[in-house]
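Line by line, the protein sequences are chains L and E.
Take 1309 as the starting number for the first sequence in the numbering used here and just add one per residue.
Take 1309 as the starting number for the second sequence in the numbering used here and just add one per residue.
Read the hints as simulated data drawn from the structure, not as lab findings.
It should be emphasised that the depicted structure is a prediction, and the values quoted were computed from it without experimental measurement.
Check before you lean on any hint, since a few could be wrong.
Below, in silico cross-link-like pairs of lysine to aspartate or glutamate (DMTMM-like), each with a Cα-Cα straight-line distance of 25 Å or less [said to hold, decoys possible]: (1) K1497(L) to D1339(E); (2) K1505(L) to E1527(L); (3) K1431(E) to E1524(E); (4) K1665(E) to D1488(L); (5) K1391(L) to E1375(L); (6) K1362(L) to E1322(L); (7) K1563(L) to D1727(E); (8) K1723(L) to E1332(E); (9) K1391(L) to D1355(L); (10) K1507(E) to E1356(L); (11) K1723(L) to E1526(E); (12) K1368(L) to E1378(L); (13) K1661(L) to D1377(E); (14) K1497(E) to E1367(L); (15) K1534(L) to E1526(E); (16) K1320(L) to E1367(L); (17) K1563(L) to E1322(E); (18) K1723(L) to D1692(L).
2 protein chains.
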Amino acid sequence: MQFQLSPELIQKIELLVEERNDKELLLHLQDLHHADIAEIIEELSLDEATYIIKLLDSEKTSEVLMELDESDREKILNNLSSKEIADELEEMDTDDAADILAELSEERQEEVIASLEDAEHAKDIKELLRYDEDSAGGLMAKELVRVRETWTVAGCVREMRRQAENVTRVHSIYVVDKDDKLIGRLSLKDLLTVHPKTKISEIYIPRVDYVNVHTEGEEVARIMQKYDLDAIPVVDEIGRLVGRVTIDDIVDFIKEEAERDYQLAAGISLDVEADDSYYRQTRARLPWLFLALIGSFMAVIIAEGFDSALENYGALFFFTPLIAAMAGNVGVQSSAIIVQGIANGSLTGSLFKRLVKEVMLSLLNGILLALVLLVGSYYILGHDYLIGLTVSIALLSVMIIASLIGTFVPITLNKYGIDPALATGPFITTSNDIFGILIYFSIAKYMLGF
Amino acid sequence: MQFQLSPELIQKIELLVEERNDKELLLHLQDLHHADIAEIIEELSLDEATYIIKLLDSEKTSEVLMELDESDREKILNNLSSKEIADELEEMDTDDAADILAELSEERQEEVIASLEDAEHAKDIKELLRYDEDSAGGLMAKELVRVRETWTVAGCVREMRRQAENVTRVHSIYVVDKDDKLIGRLSLKDLLTVHPKTKISEIYIPRVDYVNVHTEGEEVARIMQKYDLDAIPVVDEIGRLVGRVTIDDIVDFIKEEAERDYQLAAGISLDVEADDSYYRQTRARLPWLFLALIGSFMAVIIAEGFDSALENYGALFFFTPLIAAMAGNVGVQSSAIIVQGIANGSLTGSLFKRLVKEVMLSLLNGILLALVLLVGSYYILGHDYLIGLTVSIALLSVMIIASLIGTFVPITLNKYGIDPALATGPFITTSNDIFGILIYFSIAKYMLGF
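Same shape as in the complex, but just chain L (with noise of 0.2 Å):
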């Protein structure tokens, strides 16, 4: 049942498109799901790719352009008309139709709009474009179904085969005043199980979870997951409902959040894929490079400052890329529990308290560790203790240091709104780096006084 992405089957179509052997294309793609041939296409050459478009029927084509990298389809909507474009949108959820619209240039944007049919649905859509893309207003979408209060559960039934027509899935029924205020809910399941002449006021749900369209997508996407809801309306500045967010497009965003928050931590600045041109790979991964490069220079100069040590105690130089390397990895691992304590909202107490017990986390560990860095130079260093115990002292310092960083950076760059994940990866490795030189060097400085 499995639908599988092989080279046969993708050879088998660009043969099919290069014939223009339109009903032998029809039978292979008409029953796919359109997730399926969103994976095809992005196999296809752009010509090839906008030939298929062309050729199914925009019912399915307006799900396949959804499915697509946003690169895939920019390119292949720049090669249909407005006309082609807005015959997509017409098929397409209110939410998907702006998405779409949203990434055309402003000129473009007006002649698909003019070129829509439906007016409603074009009001909609233009309504939608009005919010930030990452508010509840730019997630939702308009297609709901909404009930008044003072029907019965008979005429509310009615109303709803009119409505659902639109409606992909109900998840909830939302119940609404004469002003369209929003006042409660009810599922499917409540109206299956009551005599159809019940008034609606007597059988919904009062208490309804609800978002305004200013509220940003994370804090949507936090309240859908605590409360675990497939849907959550959406209210204007007034209490009136205008949309509703469905837990398929909060899936979607937890995945980007959680991908974006990785690929900080890993040092790349743009949302980049392996498959991704050398140019955009380049501006994805060249910048963290370039800082990590200057940063890295400050710690050699810091050592090169130290160079009195190279003719009596050389062999402390053997140590600095380990003393760095520790840092690094303790100063990670500290903001990367930051960071995600943050993200999961399960960070709470002052910042005194946590930098204590980093600090006592630290010293455990490091402790631990020194002695084993203690004994190990011992054998190397032909039995000199003296440098085997400078070098384990600065490590257990280093690391309590680099714990303190890791813990103090992201939650404070969080209290001034800045995204606490740019404190991972590269940035706190190599802040890391120039202390843990410093002080290795400070300390050996002080103990073997060179």
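Based on these hints, arrange chain E on the given structure of chain L.
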């Protein structure tokens, strides 16, 4: 409308528990959502938490328990009798009940199951316990609405009223044949829009996505996301409908996977939160730090092997942390992109082609950065271009090797069924430190001849 956890609220609740003022406590808690009560409970002492769990009725507390952290839940369950736990399980969906049971000791499990009054519920829960926790069988619930193809819509609605009582959210109605084999699905919407005398066989949708009880959780998540499903039916080895997985469980699953990848990349070997105990935090952090120390120690030994450079080319040693850091940064970038590509299923094409692309990318980035380093080192080394040239050539070589390792290792791990995310973070930085320093000194020895 939003619930806000405040220190005042916690104090108030603590006071009421101390006074054993049950009436006031119920007044405060009964209107709260179970997710909010769970947040309160996580702030209380174990005795206070247990008191509240025993006070509220199990319809509410069963949901509260599911929201708690596993470690908090474990402590509270230890304070409850087997009969009390059984009362909680009676109110839970089968999948949640089985998850809770799986957390208990085997002896306790048997006691609790023996205390369950609803024999069918007990049988369902026992069935779920048989499956691997990360398989579709382990993720699914037995609660669902099933109808026979031979029924009419009216009969179906009647039967659904009965079944739907136990099903929190209906999502889809599954259609089975006389042998209970899954043959299709219906939406509630469809039921509302056709005549009551219509036969189910005339209106059901025969194309239905499903998974097998043994399908891995990751695959279930992938399918549900790809096809935007709210729920997916699960069949046994011979195609009989045995349960369904709902999107809320998958959202949790996706989040846990993302958190785990993130923690692995940060060198944290255990799911850990900022508020966890010293013992648990040390268990999560120390293993990787220890391995990183051993790895770094090997880099020290390698550097020591080139100690003959100390006399005339001591400045080389200023650059070891820079070389190691850049090797680590490049390795983490490459491996992160590969790990995400594997997770997304977007990684296609041959390993060889991918390695070639990485080499080209590192050449591009490396040449730019090596030039910057050449100019920088020329100035700080008092216009000695020879060491600067050595360092720059080494940087370029090290970046290429680091990106090859970062690409090759996760792909190879994945090929042998090992989680590729293991290859990120400290593993890749440490091994790249070692290779980086070896390559650096080898190039230097060749160029400078010490």
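Status of each hint after checking the structure:
no.	hint	result
1	K1497(L) to D1339(E)	holds, 23 Å
2	K1505(L) to E1527(L)	violated, 39 Å
3	K1431(E) to E1524(E)	holds, 23 Å
4	K1665(E) to D1488(L)	violated, 57 Å
5	K1391(L) to E1375(L)	holds, 21 Å
6	K1362(L) to E1322(L)	holds, 15 Å
7	K1563(L) to D1727(E)	holds, 19 Å
8	K1723(L) to E1332(E)	violated, 37 Å
9	K1391(L) to D1355(L)	holds, 19 Å
10	K1507(E) to E1356(L)	violated, 43 Å
11	K1723(L) to E1526(E)	violated, 35 Å
12	K1368(L) to E1378(L)	holds, 18 Å
13	K1661(L) to D1377(E)	holds, 22 Å
14	K1497(E) to E1367(L)	holds, 20 Å
15	K1534(L) to E1526(E)	holds, 22 Å
16	K1320(L) to E1367(L)	holds, 24 Å
17	K1563(L) to E1322(E)	violated, 38 Å
18	K1723(L) to D1692(L)	violated, 48 Å
Hint compliance for this structure: hints 2, 4, 8, 10, 11, 17, 18 are broken, all remaining hints hold.
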